[in-house]
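Make the full structure from the sequences, and use the hints.
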Amino acid sequence: MYKPTALVLTGYGINCDEETAFAFEKAGSAPRIVHVNDLIAEPKILKQAQILAFPGGFSYGDDTGSGNALANKIRNNLWQELLEFIDKKNLVIGICNGFQAITNLGLLPGIGKKYGERSVALAHNNSARYECRWVSLVSEKNKCVFTKGIRGIEMPVAHGEGKFIADKKILKQLSERGMVVFKYAKNGKPAKGEFPFNPNGAMLDIAGICDETGRIFGLMPHPERNVFFTQRQDWQLQKELLKRKGLPLPEESDGITIFRNAVNYFK
Amino acid sequence: MDLKKDSFKLNCLGVGLDSRIEVFSKVRDARAETKLKKIIAAGFKLVSGAELADVYTLESPLLDEKDIEKCGSLLSNPVMQGFLIGRPFCPEFDFAIEIGFLPGVTDNVGNTAAETIRDVFGKKAEGTVVYSSQALFLKGKISSADAKAIGESLANSLIQRIHVKDRAGFLKENGMGIVIPKVRLDPSPEADLVDLEVSDEELALIGKAGIMDKNSERRGPLALDLESMKIIRDYFKGLGRKPSDIELESLAQTWSEHCKHTIFSAELDEIKNGLFKEKIKKATEIAREKKGKNDNCVSVFTDNSGGINFDETFLVTHKVETHNSPSALDPFGGAITGIVGVNRDAMGFGMGAKPIVNVYGFCFADPKDAKLIFKSRDLKNPILPPERIMLGIIEGVNVGGNCSGIPTPQGFMFFDSRYKGKPLVFVGTLGLIPKLLNGKDSTLKEAVPGDAIVMVGNRVGQDGIHGATFSSEALSSGSPATAVQIGDPITQKKMSDALVKEARGLELYNSITDNGAGGLSCSVAEMAKECNGCALELESVPLKYPGMQPWKTWVSESQERMTLAIPKEKVEKFVSLMERRGVEATVIGEFNDSGKCIVKNNGKTIMDIDLKFLHDGLPKKTLHSKLPEKMHSEPSFKEEKNLSKQLLEMLSRLNICSREFVSTQYDHEVQGTSVLKPLQGKGRVNAETSVSRPSLYSRKGVAISQALYPKYGDIDSYEMAACAIDSAIKNLVAAGAKLDGIVLLDNFCWCSSLEPERLGELKQAVQACFDLAVKFETPFISGKDSMFNDFKGFDENNSPVKISVPPTLLISSMGVVEDIEKCVSMDAKIQGDLVYVLGETKNELGGGEFFAMKNAIGNSVPKVDSEKAILLYRALSNAIEAGLVASCQPVGLGGLGVAVAKTCLAGNLGTKIDLKKAPQNGLERNDFLLFSESQSRFVATVAEKNKSAFEQAMKGNAFAEIGSIGGKTIEITGLNGKKIAKIKLDDADEAYRKTLRGY
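Residue numbers (the working numbering), protein chains in the order written: chain A, 588 to 854; chain B, 57 to 1055.
If you're looking for bench data, these hints aren't it; they were derived computationally from the structure.
Model, not experiment: these values are computed from the prediction.
Each statement offered as a hint is correct.
Straight-line Cα separation of at most 27 Å, BS3-like style, residue types lysine-lysine; simulated pairs: (1) A:LYS590 x B:LYS557; (2) B:LYS756 x A:LYS830; (3) A:LYS779 x B:LYS1050; (4) A:LYS830 x B:LYS1024.
Take a look at the structure:
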């Protein structure tokens, strides 16, 4: 069976590389964790991969703005290679700090395929504090390859700078062009900014967006932290409910779908 | 936004000049809003608006104006920020306050900015240095004294500089001006010789206050008593020379209470070989022997952490440290360096374990206590108020843990007014390491003669001088400012990944240890024991800035450093790997078998001491203890008929209420390993125990918890320790860990430890540790002590005060769970489930929360019956294993009433219970039955269909079904059959949350 290679970046304070690689492995791809400097020294590694993941973490400790210093590093050293990678219809995912990095890089939103332009940002949470909590997400009608078949899903967020902002024109374009992927939700509907359902004050409750091709995806919540049943925040209650119905406990949880969609895209 | 761009002349910018980039927000700035809220909350109610600018001051001789412009865009985000160069951001404001770092203090933001700039401009930007600061613009009718006070409340004057200007001054001087906080030191520092042929008085003074500097100032405490000083004097007399300052400082570090645990190793009364050897270590030996083939300990008390078997492939390690003294002076800095420091205890275990879980525990005074106390006479040098200490410490662990990518699921906060002089900050880290690395035992390490001594990680600066000796003393006006270190978690994360994930597997080093207390002086000398000698060239140690005195380089506790022993032929490969990972690694000397520790500086030998003297020369103390009399009056308040209000009040007590705001600001999901989380159930109640799954490829888990009962020590230190041990164990059992696999860690935080009464209490507590660890067969795998948590100063009336922490013993526990799916959380799950109380309730309210609420201590402290407890724990484990238990909450502070309420709050389900049914002995009052803190008890819920199987499993133990789950109220029937409490879940929830809401 064909296993696409998922390249998972690490280094400089990125810290979700192992679990992100694990999720890709579990979903059926061959992950490879690579240090940013090794990739810069040997850019052909990128040519051998089909999926590029910017995991969560604190690249450069969020100094000079979250994701900004890592984006500068990539732009200064790997920009052409990255554009080629995208051009070959490969997939890119940025999670949390990785999302911040690829918006700073201008891979997202890439309206009109103008990659490199910064037009959306992830600002300090309204609470001005790091928030680690589970959120409900609903998906909008969108083009995203990663989220095919997902209507609603829960995952944890863990960030201090996740408030999605953009000007009205950009927001309109994102909505119209099917680029808004996930919105923070309360009772299955967008949270309308209500804390803690919308944990950071994101405009239009936006939790994740994709580019116009649907192949570049960025989101603040962490799908790789919801691939097992026992990672869920409600698994203890679900366990009791299932047991009393005489049903077995599932091994997986729905976050794995995002990684599986990516792998299946290459089948 | 009114930028008033035109009202300012452009500063002339050009080649070779320092430039200032100000980045401001174009959109709503949550950081500024939060600052404003804090300022108003601190009492400056006239402040009506706040804006922020991030400032970068560049020293970059070769960059031109266009380049600097480019730097501005590199350092900002055009979607939400703008930037100005050479002219100030000028919103509407009345006062501008700029806060930057003092010279020499690590500036992470500045360092990252410089790295980005060097990356873009290459050679042209070589030597670029960036200093970051933040300007705050305040609107409001405040005085300049107010503005200054606001600045002081936001900054820490030990590490930060504050610059305040009013609008007129700001306009006149065209902004805040350029400040270059460069360290300027005496350029040719050398080691000084110290004359010890002086009077006993002078000798004692050198030991207490430090070596006299050339400017007639003492350098800070050596914390050596006269007896030790005399031994040192005689040693050098024998050598026929005077000691150098570095030799004295080195001895002081190595012999400090902090490093050598002199009190635990001293002869105490009949305990000739000391409390550690004869009690703690002995208990571990006996417990392990009793366990026989079930002994799961692998490495205890020998390494930076203790390690036990996790599964066939891995060991799991644990270590808990304290960082009390630095956190008292600089809460944020002390706490962040505490947490990243203890991470290195995982990295320094064996050949290097990967940090997998952080734990925390804070002891504070009531944050609402605003009464000032002072370090000096005449209302000078106030210590930080409890609220600032609390928030600073919480934030320090937040930044340290979150930035390192290590989940922090487990912790507590405990409040008592006696922590006002010195807070206690417990920080711990679990690690994971394969048992075998390339076929070799990963716990074994040994520097061999000829190995290079390599320092890895951060550079050495003036921060953290005398940390080890300072924490061996009481906090007073003489406490050194330089004792506070600055944390840089990203530098450490890079080092940790490069060492543990790469260099370790490549077998690039023979030995590794942490640079913690005492810095190089301790890490190198400690590792030199493995091969019996070392020789260093001090000038090769990379410094944050030139001109440091040799002794400071040697003892500095600058953070994020490890010391390694590397075979000569592997040095190049190692250093090159580190370079590619952005980690600095430098050869600073060589290990040998000379029997000596020799330090040279620019070719000149400045230290030459026998290792044996360095490590074993310190005199053994002989101490005597005395048991203090403790008798308190018994409270005489009457029992209330309706206990609803009392139960609500109990839920609001600081030591019982929700601390969700801490749990949610600590990332407890990173690494994907979370199983039982810090907040449990729909109702999000703080749990006593968490479970993690350190290897995603295994179904095994590791359960962790902690317990402490300082207030029980007001009555009896033995029971205080016994209860902490019992609770730390039962918390794990409740979640699904079995008694057989549980191990413990001890952290003693004592006060005035040379007083016989305090030693008497210590002896009692240690005896309890021995007795209970042996009975439960739960070995100690690691421990730490901090013996002088006292504050000496002055109150608001200028009267001298001494505030000592209550002798505090924290017991941390860890146990391996075979199958994480069998773990049980604390929240009630399903309507109709039966509520059980397991364990007997006795009249044991002394030192507890209910009596404390009535301003009483009492005398009836809870006592542990370990034999009954063991039977109960085994039975409960079997029931959990069989899947019969839907929820389980250990009973702790606040007794049954609080445990039942928390079970209900967490499940968002009510209950009806009948107190009459609860197993008890000698209680005739409902309130006592409801709030007694008797040990070894649980509240569990069980599905009705499991009733008989559960009761069968619990047979032979004291237990009873007392009611069922359902509805939206908590209803309690009393001993006389009448309803004694009925509270709505919503009201209980409000009571539980209101106390710390707003933080």
